[in-house]
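Peer 1: Work the whole structure out from these sequences, hints included.
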Amino acid sequence: MDIELAKKFYSQMLLIRRFEEKCIELYSSEKIRGFLHLYIGEEAIAVGVMHALSADDAVIATYREHGHALARGISAKSIMAEMYGKVEGCAGGRGGSMHIFDAKSRFYGGNAIVGGGLPIAVGMALADKMMKRDRVTACFFGDGAVAEGEFHESLNLASLWQLPVLFICENNYYAMGTALEFSESEVNLSKKAASYRINSFQVDGMDVTQVAESAKNAVEDIKSGKGPVFLECLTYRFRAHSMFDAELYRKKTEVNEWKDKGPLVTFKKNLEERGLWSKIKAQEIEDEITKTIDDAVTFAENGTLEPISDLEKFVYSPEEVQ
Amino acid sequence: MSEFLMPSLGADMKSAILMQWKVKVGDRVTKGQVIAEIETSKGVIEIEVFQDGIIEKILVEPETECNVGTPLALIRSDSDEENITVSSVTAEQAQTEAIPLAPLEKATPDRYQDTTPPQRIKASPAARKKARELGLDLADLAKTSEGEIHLSQIESVAKTELKTPSADKMRQAIASAMSLSNAEIPHYYLSASVNMSPALSWLEEINKNLTIKARILPAAMIIRAVVLALEAVPELNGYWQEGYHQVCKEIHPGIAIALRKKGVITPALLGAKDMNLSQTMQALDDLIMRTRAGKLRGAELTQQSITITNLGDLGVENVYGVIYPPQVALIGLGKIIDTPWVQENKVIVQKVMKATLAGDHRATDGRTGALFLDKFNRILQNPKELL
Amino acid sequence: MNKEQIKTSIIQQIRIIAPDLEYDDIPSDENLQNALEIDSYDFLHLLTALYEQLGVQVPEVDYGKVDTLNRMAEYFAERIKLN
Amino acid sequence: MKENNQTTYREAVREGIKNAMQKDDRVFLMGEDVGRYGGCFAVSKGLLEEFGKERIIDTPLCESTFTGAGIGAAMNGMRPIVEIMTVNFSLLALDQIMNNAATLLHMSGGQFNVPLVIRMSTGGGKQLAAQHSHSLEGWYAHIPGLKVLTPATVQDAYSMIELALNDPDPVLIFENSLLYNSQGTLDTNAKPLPIKKAVVKRPGKDLTILAYGINLFKALDAAKILEKEEIDAEVIDLRSLRPLDDETIMNSVKKTHRVMIVDEGWRSGSISAEIMARINEQAFFELDAPMGRVCSAEVPFPYAKHLEDAALPQPVKIVAMAKQIMEEA
Numbered sequence: 000m001d002i003e004l005a006k007k008f009y010s011q012m013l014l015i016r017r018f019e020e021k022c023i024e025l026y027s028s029e030k031i032r033g034f035l036h037l038y039i040g041e042e043a044i045a046v047g048v049m050h051a052l053s054a055d056d057a058v059i060a061t062y063r064e065h066g067h068a069l070a071r072g073i074s075a076k077s078i079m080a081e082m083y084g085k086v087e088g089c090a091g092g093r094g095g096s097m098h099i100f101d102a103k104s105r106f107y108g109g110n111a112i113v114g115g116g117l118p119i120a121v122g123m124a125l126a127d128k129m130m131k132r133d134r135v136t137a138c139f140f141g142d143g144a145v146a147e148g149e150f151h152e153s154l155n156l157a158s159l160w161q162l163p164v165l166f167i168c169e170n171n172y173y174a175m176g177t178a179l180e181f182s183e184s185e186v187n188l189s190k191k192a193a194s195y196r197i198n199s200f201q202v203d204g205m206d207v208t209q210v211a212e213s214a215k216n217a218v219e220d221i222k223s224g225k226g227p228v229f230l231e232c233l234t235y236r237f238r239a240h241s242m243f244d245a246e247l248y249r250k251k252t253e254v255n256e257w258k259d260k261g262p263l264v265t266f267k268k269n270l271e272e273r274g275l276w277s278k279i280k281a282q283e284i285e286d287e288i289t290k291t292i293d294d295a296v297t298f299a300e301n302g303t304l305e306p307i308s309d310l311e312k313f314v315y316s317p318e319e320v321q
Numbered sequence: 000m001s002e003f004l005m006p007s008l009g010a011d012m013k014s015a016i017l018m019q020w021k022v023k024v025g026d027r028v029t030k031g032q033v034i035a036e037i038e039t040s041k042g043v044i045e046i047e048v049f050q051d052g053i054i055e056k057i058l059v060e061p062e063t064e065c066n067v068g069t070p071l072a073l074i075r076s077d078s079d080e081e082n083i084t085v086s087s088v089t090a091e092q093a094q095t096e097a098i099p100l101a102p103l104e105k106a107t108p109d110r111y112q113d114t115t116p117p118q119r120i121k122a123s124p125a126a127r128k129k130a131r132e133l134g135l136d137l138a139d140l141a142k143t144s145e146g147e148i149h150l151s152q153i154e155s156v157a158k159t160e161l162k163t164p165s166a167d168k169m170r171q172a173i174a175s176a177m178s179l180s181n182a183e184i185p186h187y188y189l190s191a192s193v194n195m196s197p198a199l200s201w202l203e204e205i206n207k208n209l210t211i212k213a214r215i216l217p218a219a220m221i222i223r224a225v226v227l228a229l230e231a232v233p234e235l236n237g238y239w240q241e242g243y244h245q246v247c248k249e250i251h252p253g254i255a256i257a258l259r260k261k262g263v264i265t266p267a268l269l270g271a272k273d274m275n276l277s278q279t280m281q282a283l284d285d286l287i288m289r290t291r292a293g294k295l296r297g298a299e300l301t302q303q304s305i306t307i308t309n310l311g312d313l314g315v316e317n318v319y320g321v322i323y324p325p326q327v328a329l330i331g332l333g334k335i336i337d338t339p340w341v342q343e344n345k346v347i348v349q350k351v352m353k354a355t356l357a358g359d360h361r362a363t364d365g366r367t368g369a370l371f372l373d374k375f376n377r378i379l380q381n382p383k384e385l386l
Numbered sequence: 000m001n002k003e004q005i006k007t008s009i010i011q012q013i014r015i016i017a018p019d020l021e022y023d024d025i026p027s028d029e030n031l032q033n034a035l036e037i038d039s040y041d042f043l044h045l046l047t048a049l050y051e052q053l054g055v056q057v058p059e060v061d062y063g064k065v066d067t068l069n070r071m072a073e074y075f076a077e078r079i080k081l082n
Numbered sequence: 000m001k002e003n004n005q006t007t008y009r010e011a012v013r014e015g016i017k018n019a020m021q022k023d024d025r026v027f028l029m030g031e032d033v034g035r036y037g038g039c040f041a042v043s044k045g046l047l048e049e050f051g052k053e054r055i056i057d058t059p060l061c062e063s064t065f066t067g068a069g070i071g072a073a074m075n076g077m078r079p080i081v082e083i084m085t086v087n088f089s090l091l092a093l094d095q096i097m098n099n100a101a102t103l104l105h106m107s108g109g110q111f112n113v114p115l116v117i118r119m120s121t122g123g124g125k126q127l128a129a130q131h132s133h134s135l136e137g138w139y140a141h142i143p144g145l146k147v148l149t150p151a152t153v154q155d156a157y158s159m160i161e162l163a164l165n166d167p168d169p170v171l172i173f174e175n176s177l178l179y180n181s182q183g184t185l186d187t188n189a190k191p192l193p194i195k196k197a198v199v200k201r202p203g204k205d206l207t208i209l210a211y212g213i214n215l216f217k218a219l220d221a222a223k224i225l226e227k228e229e230i231d232a233e234v235i236d237l238r239s240l241r242p243l244d245d246e247t248i249m250n251s252v253k254k255t256h257r258v259m260i261v262d263e264g265w266r267s268g269s270i271s272a273e274i275m276a277r278i279n280e281q282a283f284f285e286l287d288a289p290m291g292r293v294c295s296a297e298v299p300f301p302y303a304k305h306l307e308d309a310a311l312p313q314p315v316k317i318v319a320m321a322k323q324i325m326e327e328a
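Protein chains in written order, with numbering that gives the first Met the number 0: chain A, 0 to 321; chain B, 0 to 386; chain C, 0 to 82; chain D, 0 to 328.
Take these hints with a grain of salt, some might be off.
Unchecked claim - Under the rule of at most 25 Å between Cα atoms (straight-line distance), these lysine-lysine pairs were calculated in the BS3-like manner:
#: 1; chain 1: B; residue 1: Lys374; chain 2: C; residue 2: Lys64
#: 2; chain 1: A; residue 1: Lys260; chain 2: B; residue 2: Lys30
#: 3; chain 1: B; residue 1: Lys128; chain 2: D; residue 2: Lys253
#: 4; chain 1: D; residue 1: Lys253; chain 2: A; residue 2: Lys312
#: 5; chain 1: D; residue 1: Lys22; chain 2: D; residue 2: Lys204
#: 6; chain 1: B; residue 1: Lys121; chain 2: D; residue 2: Lys204
#: 7; chain 1: B; residue 1: Lys350; chain 2: B; residue 2: Lys334
#: 8; chain 1: B; residue 1: Lys294; chain 2: B; residue 2: Lys128
#: 9; chain 1: A; residue 1: Lys290; chain 2: B; residue 2: Lys30
#: 10; chain 1: C; residue 1: Lys64; chain 2: B; residue 2: Lys350
#: 11; chain 1: B; residue 1: Lys212; chain 2: C; residue 2: Lys6
#: 12; chain 1: C; residue 1: Lys64; chain 2: B; residue 2: Lys207
#: 13; chain 1: D; residue 1: Lys223; chain 2: B; residue 2: Lys121
#: 14; chain 1: A; residue 1: Lys250; chain 2: B; residue 2: Lys41
#: 15; chain 1: B; residue 1: Lys30; chain 2: A; residue 2: Lys76
#: 16; chain 1: B; residue 1: Lys334; chain 2: B; residue 2: Lys383
#: 17; chain 1: B; residue 1: Lys212; chain 2: B; residue 2: Lys248
#: 18; chain 1: B; residue 1: Lys129; chain 2: A; residue 2: Lys251
#: 19; chain 1: A; residue 1: Lys7; chain 2: A; residue 2: Lys258
#: 20; chain 1: B; residue 1: Lys334; chain 2: C; residue 2: Lys64
#: 21; chain 1: B; residue 1: Lys41; chain 2: A; residue 2: Lys251
#: 22; chain 1: D; residue 1: Lys52; chain 2: D; residue 2: Lys22
#: 23; chain 1: C; residue 1: Lys64; chain 2: C; residue 2: Lys6
#: 24; chain 1: D; residue 1: Lys254; chain 2: D; residue 2: Lys196
#: 25; chain 1: B; residue 1: Lys128; chain 2: D; residue 2: Lys52
#: 26; chain 1: D; residue 1: Lys253; chain 2: B; residue 2: Lys142
#: 27; chain 1: A; residue 1: Lys131; chain 2: A; residue 2: Lys260
#: 28; chain 1: A; residue 1: Lys267; chain 2: B; residue 2: Lys30
#: 29; chain 1: A; residue 1: Lys251; chain 2: B; residue 2: Lys21
#: 30; chain 1: B; residue 1: Lys142; chain 2: D; residue 2: Lys254
#: 31; chain 1: D; residue 1: Lys196; chain 2: A; residue 2: Lys225
#: 32; chain 1: B; residue 1: Lys129; chain 2: D; residue 2: Lys253
These aren't lab readings, by the way, just hints derived from the structure by calculation.
Peer 2: Listed below in structure tokens is the structure:
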């Protein structure tokens, strides 16, 4: 772990944290509408996994995907503008918080149907295998998706056809308001995935270095043809499922326990043990991030609305392409 | 200085109850710190402040319901001047600008491009159906109207060129007229016996040197007599409308014509004043034929200025008719029958017809009626006047 | 033209004026105007049509001789033989 | 294929797939029992031997995921043909089809195309009872972002494969299961009609009958019967339910002024209802009589033959409806 890597991990995680906090403020003042699912508390997974992926690999995520998008390199400006419904947003203001897309970084979207992205990831990996391309499709989903039929169908196909897909399960112990023990007979999700003869690992989702390490090994295994890998990252979301949620389903004490071992806290302790904390100039990173986020808000505020006359554009491809 | 507002937690949240403050005036607060609890439809939710500062003033007491965007407290930030915090944006500004509605009309696709070929008559199905029912020809109607032909146009045309309405509709029309008439018109009745023998034998002489096609029926002669009498006594020929009596310059007598098995209709013999006897006969012949063929013109159904019912054919002697509003008189002509008649104090047999007059007392009185019957009778006693 | 043929053409003319009547509705020896609800106007029309078809005019004075179907047929039969 | 290019609908579909796979190695076929079994309706018999298991892929029974995999592969450079055995099982894949395939291009602001072809059999008439006799192509025609084709003739069964594969957007092809054995002429180098074009199969002047899929042949049978009763019916093969060929439909209505539709779907919210609404909007003044339609009875399809026949559109029903419309003129 050198200073540059430490700076990268810390600033990416902090950017996500501050970005999501700004979203709360903007949502409260009605600047952002629709649904908003925040990644506060789970930053280490996105940052760790994205570190292991190459630009050539593909990413498929869920509706809680601001962190993945930022970690994948999509600009705070284009994501913020998207949530303002502006045409400068990464999907032209048509997707909103739950549907962030970016062709350049092969970010194939947030998906608002729980488990909806898994079959697509399988298909993308199938194409890569058929065309003998040396790249991985990383598929993020939560513990809620494990209960969907498509989880079983996708893991089975991926293993059956030995497809180059990296399944990353962000197990934050709650599917919206239903705790894990109320939705899964087998709560050890990596053990469940192993039953499909898939190499499955359980890792501390709060420790960015562990996540990055496991993800790197997984990608290497996949690219050496050992078939799909299943990474279960144990984590916790510090905020409600979405903005309008009284969190009746969990205790504050539990939330506070997890906050004490959150991704930023854990990483800071880790850097202090290695004498790196003082070297990364945390305050500079903080100020730079504040500026990035303020610029993003200004960019979004000044964004323009897509003309209504474009409403039907892209329902089908333009005539000439057909 | 900035306001701490009641936050919006979702599109379907319009207001919430401030339950409890976690801080008091003078307390220092830091960005993200929970400073109050609110009660929403989903339960109690903690709300946080979005920048560092000191609680300057509490604006809302606990247990108060406030709309989203209501200022709850004032927060003085450390260095008040430099950092302008977003939260100071009031609720109104906070509203993302309303989506421009103007283009919404443009966004609604126009219903359809009218591509009906010119030669196709654009008539609505309702209009076509009505036209078919009334035997109206759409083609000539289309010539006079541009654009689409709707039911309303068919119905207005029907008023002027009505085909004989079907029997039951006609019954209904007569029924409503009769009930109105009975209810509103104060009728008075007069009758007189008219010796028809002289006129009939005069007519027979005339018919002798006419071919059968030009033969004149007694009815035509009688109608001619009525018209001449009305010229002398014009008050009976007109309308009672909106409370006043209006005498009609033209004389359009409604003639009762029987339709086989379908009741009686009284189309007007338009412009009877300007017809001599044979012209009256031809006009009557034409009117009866068109009535039975159902090809009457609208005016013939609406312009009657008086009505003549000669139900004599059916053996009824006295005809006490009911006036058709808004007309003011009706003349009933009975059956011509052989009757003992006193002449130069000898009793001889003559062909006698009972003529009755129903009058609207609002418009005319018995004296006018009597004058008319007298004139009518004298004309028939001197038939040459009829030519 | 014999009497029967004349009778049928009279009936044909009557059915033109009163299409609702069938052949057998028309009685041979009853007053046509009363039995068939034919008014003076229709009766004149009937005679005019028969004049055009058979060439015989019935003057008003002879109305009494043509009040039934049979008498009318006879009346026409005699006059057709003459001219 | 026989010499004078007479062939069956099934062979025409196979020929279309084979031809496409030979020309473009991005094309592959994926679905239940398409490989070793040779296809539930024997459409893909022999293809496994010719192209191998890498391109003729038997899938487990997981409609949602193998359809989703088709979407993913299409987004990642392939030209997959996903065969869902019957429209009845496609309900399990409806979320992937509607929320992903039909939506991604628009929702991503034009970034990601889904050049995917999904074929499925459809329709009743084989006493398979309620769960195996659905005719839901009209449903799918409700979804913007999809194209819905209903090949009735042997020629279309062949040429629509190529048309669909060349389209950068998802195309669904519905093959009525009773048509697989039907015979017809196939000209493999005939230039295919564009996807959107409806075709007048029997010109006529008194009444327009709109039909698609197997109903085209029921409509043509009915037209023969009507001919004997001096009713000259114009029969049109819609070929595509989305997009609908409004122009051809309205031109025919403007010619005959009387129109009826044969649609095996249930009448409520069906494609026939949509077509009647469009005629109402675009050719209202052309109508001389109320429009008519013959649809399936609104019942779960019964097993017993006499009941199923009563539930299905039949030529005798089409004739009766046509006469009713003619009388109201």
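Peer 1: For the pair supplied as a hint, Lys374 of chain B and Lys64 of chain C, confirm whether the alpha-carbon distance does not exceed 25 Å.
Peer 2: Violated, because 36 Å separates the two Cα atoms, which is more than 25 Å.
Peer 1: Would the hint linking Lys142 of chain B and Lys254 of chain D be met if the CA-CA limit is 25 Å?
Peer 2: Cα-Cα ~22 Å, so holds.
Peer 1: Is the straight-line distance between the alpha-carbon of Lys223 of chain D and that of Lys121 of chain B 25 Å or less?
Peer 2: 32 Å, violated
Peer 1: Compare the distance between the alpha carbons of Lys253 of chain D and Lys142 of chain B with 25 Å, and conclude whether the hinted pair is satisfied.
Peer 2: 20 Å, holds
Peer 1: Can you confirm whether the C-alpha distance between Lys254 of chain D and Lys196 of chain D stays at or below 25 Å?
Peer 2: Cα-Cα ~18 Å, so holds.
Peer 1: Taking only the CA atoms, is the gap from Lys7 of chain A to Lys258 of chain A under or equal to 25 Å?
Peer 2: Roughly 22 Å separates the two Cα atoms, so the pair holds.
Peer 1: With a cut-off of 25 Å on the C-alpha distance, tell me whether Lys41 of chain B and Lys251 of chain A pass.
Peer 2: 17 Å, holds
Peer 1: Are Lys22 of chain D and Lys204 of chain D close enough, with their CA atoms no more than 25 Å apart?
Peer 2: Not OK: Lys22 of chain D and Lys204 of chain D at ~44 Å, beyond 25 Å, violated.
Peer 1: Starting from Lys350 of chain B, check that the Cα of Lys334 of chain B is at most 25 Å away, please.
Peer 2: Between Lys350 of chain B and Lys334 of chain B the Cα gap is close to 10 Å, so the pair holds against 25 Å.
Peer 1: Between Lys334 of chain B and Lys64 of chain C, is the straight-line Cα distance small enough, at 25 Å or below?
Peer 2: OK: Lys334 of chain B and Lys64 of chain C at ~21 Å, within 25 Å.
Peer 1: Taking only the CA atoms, is the gap from Lys129 of chain B to Lys253 of chain D under or equal to 25 Å?
Peer 2: 21 Å, holds
Peer 1: Holds or violated: Lys121 of chain B with Lys204 of chain D, Cα cutoff 25 Å?
Peer 2: 19 Å, holds
Taken one by one, the earlier hints fail for this structure at numbers 1, 4, 5, 13, 17, 18, 25, 27 and 31, listed in ascending order.
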